[in-house]
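Residue-level listing of the chains:
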Amino acid sequence: MEQPEDTVTNVRLPEPTVREEQVAPAPTGSPVFDTKSVSIYYGAFKAVTDVSLSIYEREITAFIGSSGSGKTTVLRAFNRMNDLVPGARVEGEMSYRGSPLYGKDVSPIAVRRRIGMVFQKPNPFPKSIYDNVAYGPRINGERNKGKLNEIVEHSLRRAALWDEVKNRLNTSGLALSGGQAQRLCIARTIAVEPDVVLMDEPASALDPIATGAIEDLMQELKSQYTIVVVTHNMQQATRVSDRTAVFSVLVNEESDTRTGVLVEYGTTGQIFEDPHDSRTQAYVTGRIG
Amino acid sequence: MTSVTQAGPAIPAGSARPLSERRPLGDRGFQVLALACGLLVLVILVLIAVTTTQQSASWFSAEGLKIFTSNWDQATNQFGALSFIYGTAITAIIALVMAVPVSVAIALLLTEVVPYRWSRPIVYVIDLLAVVPSVVWGLWGILVFAPWIQHIYASIGSGVNGIPVLGNLFGPPTSGPSFFTCGIILAFMITPIVTSLSREVIATVPAIDKEGAYALGATRLEMIRGTVWPHSQGGVVGAVLLGLGRAMGETIAAALVIGSSPTITSHLFAPGYNMPAVIANQFGEASGEFRAALMGIGVLLFVFTIIINVVARGIVERNARRKRGA
Amino acid sequence: MAVTSPGQVDLREPPSWRRTKNRIATVLMVIAFVLVIIPLGFVLYTVVSKGVGIISKTFLTSGIPVIVAPPDVGGMGPAIAGTLVITGMATLLAVPLGVLGAVYLNEYGGKSPLARFIGFMADVMTGVPSIIMGLFIFSIWVVHFGLSGYSGLAGSFALGCLMLPIVIRSTQEMLKLVPDSLREGAYALGATKSRVSVTVVLPAAIGGIVSGALLAVARAAGETAPLLFTIGTVTIGGSPNWNVFKGTNTSLPSQIFANASSPYPGAQARGWGAALTLIVIAFILMIAARLVTARFSRYSHY
Chain U
1 MEQPEDTVTN VRLPEPTVRE EQVAPAPTGS PVFDTKSVSI YYGAFKAVTD VSLSIYEREI
61 TAFIGSSGSG KTTVLRAFNR MNDLVPGARV EGEMSYRGSP LYGKDVSPIA VRRRIGMVFQ
121 KPNPFPKSIY DNVAYGPRIN GERNKGKLNE IVEHSLRRAA LWDEVKNRLN TSGLALSGGQ
181 AQRLCIARTI AVEPDVVLMD EPASALDPIA TGAIEDLMQE LKSQYTIVVV THNMQQATRV
241 SDRTAVFSVL VNEESDTRTG VLVEYGTTGQ IFEDPHDSRT QAYVTGRIG
Chain D
1 MTSVTQAGPA IPAGSARPLS ERRPLGDRGF QVLALACGLL VLVILVLIAV TTTQQSASWF
61 SAEGLKIFTS NWDQATNQFG ALSFIYGTAI TAIIALVMAV PVSVAIALLL TEVVPYRWSR
121 PIVYVIDLLA VVPSVVWGLW GILVFAPWIQ HIYASIGSGV NGIPVLGNLF GPPTSGPSFF
181 TCGIILAFMI TPIVTSLSRE VIATVPAIDK EGAYALGATR LEMIRGTVWP HSQGGVVGAV
241 LLGLGRAMGE TIAAALVIGS SPTITSHLFA PGYNMPAVIA NQFGEASGEF RAALMGIGVL
301 LFVFTIIINV VARGIVERNA RRKRGA
Chain Y
1 MAVTSPGQVD LREPPSWRRT KNRIATVLMV IAFVLVIIPL GFVLYTVVSK GVGIISKTFL
61 TSGIPVIVAP PDVGGMGPAI AGTLVITGMA TLLAVPLGVL GAVYLNEYGG KSPLARFIGF
121 MADVMTGVPS IIMGLFIFSI WVVHFGLSGY SGLAGSFALG CLMLPIVIRS TQEMLKLVPD
181 SLREGAYALG ATKSRVSVTV VLPAAIGGIV SGALLAVARA AGETAPLLFT IGTVTIGGSP
241 NWNVFKGTNT SLPSQIFANA SSPYPGAQAR GWGAALTLIV IAFILMIAAR LVTARFSRYS
301 HY
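Residue numbers (this note's numbering), protein chains in the order written: chain U, 1 to 289; chain D, 1 to 326; chain Y, 1 to 302.
Calculated from the structure, these hints are not laboratory results. Backbone N, C-alpha and C fix where the C-beta goes; we use that ideal spot for every residue, glycine too. Hints should not be assumed to be uniformly reliable.
[Stated by the list, open to error] Derived DSSO-like pairs: lysine-lysine, alpha-carbon spacing no greater than 27 Å straight-line:
1) Y:Lys176 <-> Y:Lys111
2) U:Lys127 <-> U:Lys145
3) Y:Lys21 <-> D:Lys210
4) Y:Lys176 <-> U:Lys127
5) U:Lys166 <-> U:Lys145
6) U:Lys36 <-> U:Lys104
7) U:Lys46 <-> U:Lys104
8) U:Lys46 <-> Y:Lys111
9) Y:Lys176 <-> U:Lys121
[Said to hold, decoys possible] FRET-style restraints, in silico, Cβ to Cβ:
10) D:Pro115 <-> Y:Ser239: 49 to 57 Å
11) Y:Lys246 <-> D:Leu42: 28 to 36 Å
12) Y:Pro113 <-> U:Ser30: 46 to 54 Å
13) Y:Ser56 <-> D:Ser61: 51 to 59 Å
14) Y:Glu173 <-> D:Arg318: 14 to 22 Å
15) D:Leu42 <-> Y:Ala288: 30 to 38 Å
16) D:Arg318 <-> Y:Lys176: 16 to 24 Å
17) Y:Val68 <-> D:Arg318: 54 to 62 Å
[Stated by the list, open to error] Part of the chain U face toward chain Y, derived, beta carbon under 10 Å:
18) Leu84
19) Met117
20) Pro122
21) Asn140
Please model the complete structure; the sequences and the hints are all you need to start from.
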C-alpha cells in the first residue's frame, strides 16, 4: 500500500549521505535486464510510459519516486506478476539476459523460478517455517529429505533467521514477528537459488530495527544475487543501492489520468549529489513527496 | 551476523529449464478436472429434468391437460393432480403466513435490538431449529402435536360451525392430521432459512441512513419503518420466496401429518394431501400408469421449485449487488 | 417537545403514544423469538424423554424386529449401520467433487459468465426438494438395474446430489476469504495455478471447508426422502448391511418414517429411540463443525 503523497515545499530535509563507492560510474557486470521504451497498460489505462533502463549483475538498483509513478508496476513486469491482472499488457522490449521476457513461448512459471520477489507485507504461508522455505524447492522437484534440510538451513542462515528459529522449524510461520516473517519470506525466495531478487518496499511495514536488519541482509545478498528494490525511503536508497532510478508522475489534465515515467537513472551517488533533471532534484531534496 | 559467501548446495533449480516451456500437462489437467466438477451441477440438473420427464411421459401424454383436474382414481387409471397442487399451495401459504412475520421479527430483533453479545445464543437457537431433521418433526407432529391440537380444532370447529366465512375455513370436518397442522409444522421448518436470509438483507441497510433517522429523534420502530423497511423490502421478498420453495418441497413431515386424503376443500382443519407427500407415501408400491403419474407430479414439483428459486435468488442477488455497487 | 420557561431545555421522553408503539414492537419481536423456542424445546424434550428410556446397548446393536414387537425387543442396529455407510459414501462422493468445483468457481472461473451461472444454479439446486433427488436416482439407476439396483450406493448417489451444491457454495465462501497475498507469494516462487490452489489456497481454507462439509453431512444424515426409493428395505430381523454396494439397506430416518405411522407402541417407542439417536448424531456433527472453525481459523490468516 503506498503512502499518501506529502508535498513539502518549505522544509529542507537533511541531505542523504552517499558513500564513496556509490559515485563510481562504470557498471560492475553485464546487464541482467534490458528495458527499451517499455509502456505498461492495465486495460486502457497507461500506468507507465517509455521506460528505458538496464539492470546490472550483482548490483542493488533502487526504484524511487512518488506514489503512482509506476515503480512497482515496472518491478512486477520483471517477473511477469502483472500477468495475474486481467487486461495487463506490456509494450516495448523487455529482455532478461538477452531473451525477450514477453516472447511468445516464454513461460511465466519458468521466469518466476529465476526471478524471485519479496513483497511489501510479509506473506508467509500458513505452514510451518520449514515447509515455507521448502515450498519452492519442493515444487521444483526436490524430494530428498536430507537435501531439503540442507537447503532450509542454508537459506535461513543467509536470511539471518536461522539462529532465531532453528529450534522451532515446525511451528507455524504465521507466529513470527513482522521482521522475522519478512526474513522468512526472503529465505523462501532464495531457497530456489534465483538469479534475481525483486523487492517491493520490503521494509515499509516494519519497525526501524527490523528495517535495519533487512537492509543489512540486502548488502549480504548482493554478493550472490542481483537485487532490484522499490522504496519510498530515500535514506534507504542511499544506504544500500548502487544505482537509482527516479520515477515521477505525468498528469494529463484533459483525460485526468496519471501515468508513471522514468525521469532519471544513474549511480546512486550521481542521483543524490548531482541530479541532472529538475524533477529528480525536487524529489531527492524533499520538495516533492 | 555471519556472512555466508560460499555458494549454497546445488539444487535442481528452475533456472536449469529453458525460459520457454509449455504449460505442464498436470496443470492443464487439473483445470479441466475442476471445471468438470463445476459443470456437474448443471449436468445433474439437466439429467434430473430429462430422466424424470421420460419416466412420466406416459402420464403427460395420456392425460394431457387433464393432469390439472382433481380426478384421482387408481381404479379407473385416472390421475388428475389438482388436489395435490391445491394442497401444496394451501399448506405453503399457511406456513408463510405464520413463519414470515415471525422470521422477519426475529431478524429485526437480531440486527436492530439485541446487542451483539446476546445475538450469539439467539442464532444458536435458530441453528438448532434448522438441524432437527424433517422426519423428527414428522414423528413429533403425528404422535404428539396432532392428537393434542385435534381438540383445539374440534372446539373451534364446533364454535364457528354455520358462520359464513369462518365456518367454511375452520368448521368441521376437523382432524389432527390436516392442512393446517402441516402448515404449522412447515412454518417451524422454514423459519430458520427465512430468518437468516432476512438478516443478511437487513444488514445491508447503510448505517448512515439509520443514524440519520435516529438523529431526527425517531424511536427504533420509526427508524425501522422509515429506513430499514424501504431498503430491505425487495430482499425480504426474495427471502420469503425461498421460504415458499422450501415449504413446497418439504416432504417427510408433510407426508406424516397432512392426513393423506386427496381432497380440495376450504376447510383448513380437514385432512388433505400435497405433492411431495403423495409421492413419498405411494411411490413405493406404485407401478405402471400410477407410478408414471407420481413421477409426473415430481416433475411438476421440480419445475415449480426451480422457477421459484430462480426468481428468489435473482431478487436476493440483485439486492446484494446493489449493496456492493452503492 | 414542550418548551418550559426560557433558558430551560426539555429533555423528557417523546409523547407516550410513540413510546408505547415502540415498546409494543419490541415486545412483539421478543414474542416472535419465544414462539420459536417453544416448539423447538417441545420437540427436543419429547424426543429425549421418550427416546432415552429405550436407548441401550441392545437397542443400538440389535436387529429390527417385527413391527408389533414390544418396546424392549430388538433395536436399530441395521439402521445405524445403514446411516453410517450410506452417509459416509455420499460424503466421499460429494465432498471431493464439491471442493474441486468450488476451486474452479473461485480460482479459475472468477467473474466469468459461466462461473457466475454455475454458482447461481448451485444456489437454486439447494432449493430443489430432496425427494426429487430420490426420484432422479431411481430413474437413472434403479430402473436400469432392476431389483439389484436397490442398494446403499443408490442412496449415496441421491444424498450426494443433495450435498454437492451445499459443499460447493460453502467451500467457495471459504476460498474467497483466503487473501490474495498468499497466492502471490506462491506464484512468485514459480508455482503453477493448480499447485497454488492445492498447496496454498486449500490448506489455508481447510478449517472452513471441513466445517462446511460437516454441516452438509449432518443435513444428509437426517434425510429420508432421497432414500425412499433407492435403498429398498431391510427385511425384518435383518443384520446390518455394511456393504454399501450390494443389497438393500435402511437408515435411521427411514426407520423413523416407517415407525411413525404405525399404531403399535413398540414400533413407536423404537421410533423415538431412533429419533434421539439421529438427533444426537446431528448435534455431534454440528458441534464438531464449530470446534473445527474455532480451532483452525486462528492460523488461517496473518
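Need the list of violated hint numbers for this structure, in ascending order. none
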